[in-house]
Amino acid sequence: MATITSLVYLVSAALFYFGLKNLGSPKTARHGNIQAMLAMLLAVAITLLDRHILDFTYIIVGLVVGSLIGIIAAKKVQMTAMPQMVALFNGLGGAASTLVASSEYFQLPGQPEMNVLATLALSIFIGTITFTGSLIAFAKLQGIMKGSPITYTGQHILNGMMVVASLALGTLFVMEPDNFDLIVGILALSAILGVTSVIPIGGADMPVVISLLNSYSGLAAAATGFVISNNVLIISGALVGASGLILTNIMCVAMNRSLANVLFAGVGAAHSDSGGGSTEKKQVTRYTAEDAVVMFDNAESVIIVPGYGLAVAQAQHVLQEMAQILMDRNMNVRYAIHPVAGRMPGHMNVLLAEANVSYDLLVEMDAINDDFKNTDVVLVIGANDVTNPVARYKKDSALFGMPILNVDEASTVMIIKRSLSPGFAGEDNPLFYDEKTMMLFGDAKKMVTDIVQILKG
Amino acid sequence: MSDVILMSIYIFVLAIFIGFEVITKVPPLLHTPLMSGSNAISGITLVGALLSTGAGHTMAATALGLFAIIFATINVVGGFMVTDRMLDMFKKDKGK
Chain W
1 MATITSLVYL
11 VSAALFYFGL
21 KNLGSPKTAR
31 HGNIQAMLAM
41 LLAVAITLLD
51 RHILDFTYII
61 VGLVVGSLIG
71 IIAAKKVQMT
81 AMPQMVALFN
91 GLGGAASTLV
101 ASSEYFQLPG
111 QPEMNVLATL
121 ALSIFIGTIT
131 FTGSLIAFAK
141 LQGIMKGSPI
151 TYTGQHILNG
161 MMVVASLALG
171 TLFVMEPDNF
181 DLIVGILALS
191 AILGVTSVIP
201 IGGADMPVVI
211 SLLNSYSGLA
221 AAATGFVISN
231 NVLIISGALV
241 GASGLILTNI
251 MCVAMNRSLA
261 NVLFAGVGAA
271 HSDSGGGSTE
281 KKQVTRYTAE
291 DAVVMFDNAE
301 SVIIVPGYGL
311 AVAQAQHVLQ
321 EMAQILMDRN
331 MNVRYAIHPV
341 AGRMPGHMNV
351 LLAEANVSYD
361 LLVEMDAIND
371 DFKNTDVVLV
381 IGANDVTNPV
391 ARYKKDSALF
401 GMPILNVDEA
411 STVMIIKRSL
421 SPGFAGEDNP
431 LFYDEKTMML
441 FGDAKKMVTD
451 IVQILKG
Chain S
1001 MSDVILMSIY
1011 IFVLAIFIGF
1021 EVITKVPPLL
1031 HTPLMSGSNA
1041 ISGITLVGAL
1051 LSTGAGHTMA
1061 ATALGLFAII
1071 FATINVVGGF
1081 MVTDRMLDMF
1091 KKDKGK
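Those protein sequences? They're chains W and S, same order as listed. What the first sequence shows, in our numbering, is residues 1 to 457, in sequence order. What the second sequence shows, in our numbering, is residues 1001 to 1096, in sequence order.
Think of the hints as simulated: they come from the structure by calculation, not from any bench. Note that the coordinates shown come from a computational prediction; the quantities given were computed from them, not determined experimentally. Glycine included, each C-beta is placed from N, C-alpha and C at the ideal position. Hints may be right or wrong, so weigh each one.
[Stated by the list, open to error] Straight-line C-alpha distance at most 25 Å; calculated DSS-like pairs for lysine-lysine:
#1 S/1025 - W/21
#2 S/1025 - W/27
#3 W/436 - W/373
#4 W/373 - W/394
#5 W/456 - W/446
#6 W/436 - W/394
[Unchecked claim] Restraint ranges, calculated between C-beta atoms of paired labels, are given here:
#7 W/56 - S/1003: 31 to 37 Å
#8 W/392 - S/1013: 24 to 30 Å
#9 S/1003 - W/394: 58 to 64 Å
#10 W/419 - S/1058: 16 to 22 Å
#11 S/1004 - W/180: 25 to 31 Å
#12 S/1024 - W/324: 46 to 52 Å
#13 S/1024 - W/291: 45 to 51 Å
#14 S/1024 - W/65: 35 to 41 Å
#15 W/52 - S/1063: 14 to 20 Å
Taking the hints into account, I'd like the entire structure generated from these sequences.
What follows is the structure, encoded as structure tokens:
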């Protein structure tokens, strides 16, 4: 039986590998998810048949309750709240690792081996950091906590000391496993660390943090695998841990910032010297929906640049309605998707897909950036930092070096925004004050609805 | 260090290397579904939770294990469903 279990675990691990691989490519992504689901089913099923399991009552209760909660949560969540949902699920996974390790603590044999104790402590450490860190990420994205970074002097040194202290407690624990206080100590320190490591990171960077925490939860699972000597946990945990790190790196590259910069630089914090809330009154002309329609009437090519504001205003449906009207008039309409537009990579894609925007109208930044100079009208809706030319030259700006959409190269730029307030980087956008820019102030949904009315009328 | 532990370390290290290689050139479009999918996979902790709870030892161990099962199951079921919802959006488009 043990052999069969091991073999099924191997098949399961292989399927996880293929699942992850296929999730990375648009054509095979759906297959990938199904393969991963199958892999999980196999692993769980063969485990339930394992002779080690004596008492099924609690197991059934747990599985049923967990499934119900998971299904309800997954069905009810809005597409725009996906990022924080992933954070929440991830946090629960981390908590699960901590709980399994704790449970194992109470089942330790008389003379536990050193490696079991070490990985037990590690499991609790990583699992708890993942849990509390994910909760903070959830709070920031959900708006329960303010998005801007919370910084205080010496915080990184403090965090560092907590890590060292945890390591010390862990080492002590390996030598003195009967001392339960050590476990409590590790739990407390890691719980605090999860919070203090994530609060200095701005809300806009949460996707990277979630990806990193995702990697951690994989490592926590692997550590738990070492505790109970279970290979499928070790392999799958390692797969997720490593691939999560690579994905985190990919996301950082898309923002042209290093991971260290994201985690430690406190980007987006309210600096007194930043351009945010500038006191000098710069000239800005307010344009109206009627003006926008006039521009559309004379245009042949249009590029729409969506941003987080589009999601907040839930204007994606009327936006597509507008785009369809323009396309019916034989105008070339496309959506330019910046890699970090929105609260999560792919956020805009999911949002627009919800509005039934055809796949081929969504163009990635690299593919569309050269087309701006040949475009008549650009409509920026709910986006800001991704169009800010300051990123090209202002060396001390948080945005510096981030690749942006060459919106300023178009003939006319129309920006729909609620006010002149800066984006997450706290950097004012010179595009607002440019002569060829038409600022359309107002709620995105209302503005676009007005435009649609006039276009139809 | 026993052979079993050594073997586990080998497997772990090799799996890490594979994990580094499996994700290459993912279009930004798929970053979120991929993150959600791999998050669901990290719910493999459920297997550990099942073994821990099912061993039928002390009440403390079983109670902790029960909550571990609940949380891990939410992670798995919710995670895969949410990933499927995201991927489903793209599929609908292609049918147009």
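Hint check results:
Distance restraint check for residue 1025 of chain S and residue 21 of chain W: the Cα-Cα separation of roughly 11 Å lies within the 25 Å cut-off, and the hinted pair is therefore satisfied. With a CA separation close to 14 Å, the supplied pair residue 1025 of chain S and residue 27 of chain W stays within the 25 Å bound. About 13 Å separates the Cα atoms of residue 436 of chain W and residue 373 of chain W, which keeps this hinted pair within 25 Å; it holds. For the proposed pair residue 373 of chain W and residue 394 of chain W, the alpha carbon gap of about 22 Å is at most 25 Å, so the pair holds.
Taking the CA atoms of residue 456 of chain W and residue 446 of chain W, the gap is about 15 Å. The hint holds against a cut of 25 Å. Proposed proximity of residue 436 of chain W and residue 394 of chain W is supported: the alpha carbons are some 22 Å apart, at most 25 Å. At about 33 Å, the CB distance of residue 56 of chain W to residue 1003 of chain S agrees with the hint of 31 to 37 Å. As the Cβ distance of residue 392 of chain W to residue 1013 of chain S is approximately 43 Å, the hint placing it in 24 to 30 Å is violated.
Distance hint check: the CB atoms of residue 1003 of chain S and residue 394 of chain W are about 59 Å apart, consistent with the given range 58 to 64 Å. Our hint of 16 to 22 Å for residue 419 of chain W and residue 1058 of chain S is violated, since their Cβ atoms are close to 60 Å apart. For the pair residue 1004 of chain S and residue 180 of chain W, the supplied restraint of 25 to 31 Å holds, since their beta-carbon distance comes to about 27 Å. Taken as a hint, the range 46 to 52 Å is violated for the pair residue 1024 of chain S and residue 324 of chain W, whose Cβ atoms sit roughly 36 Å apart.
Checked against the given bound of 45 to 51 Å, the beta carbons of residue 1024 of chain S and residue 291 of chain W, roughly 46 Å apart, stay inside it. Checking the proposed 35 to 41 Å range against residue 1024 of chain S and residue 65 of chain W shows it holds: the Cβ atoms sit about 38 Å from each other. Range check, residue 52 of chain W to residue 1063 of chain S: Cβ separation about 18 Å, and the 14 to 20 Å hint holds.
Violated hints, listed in ascending order, are 8, 10, 12; each of the other numbered hints is respected by the structure.
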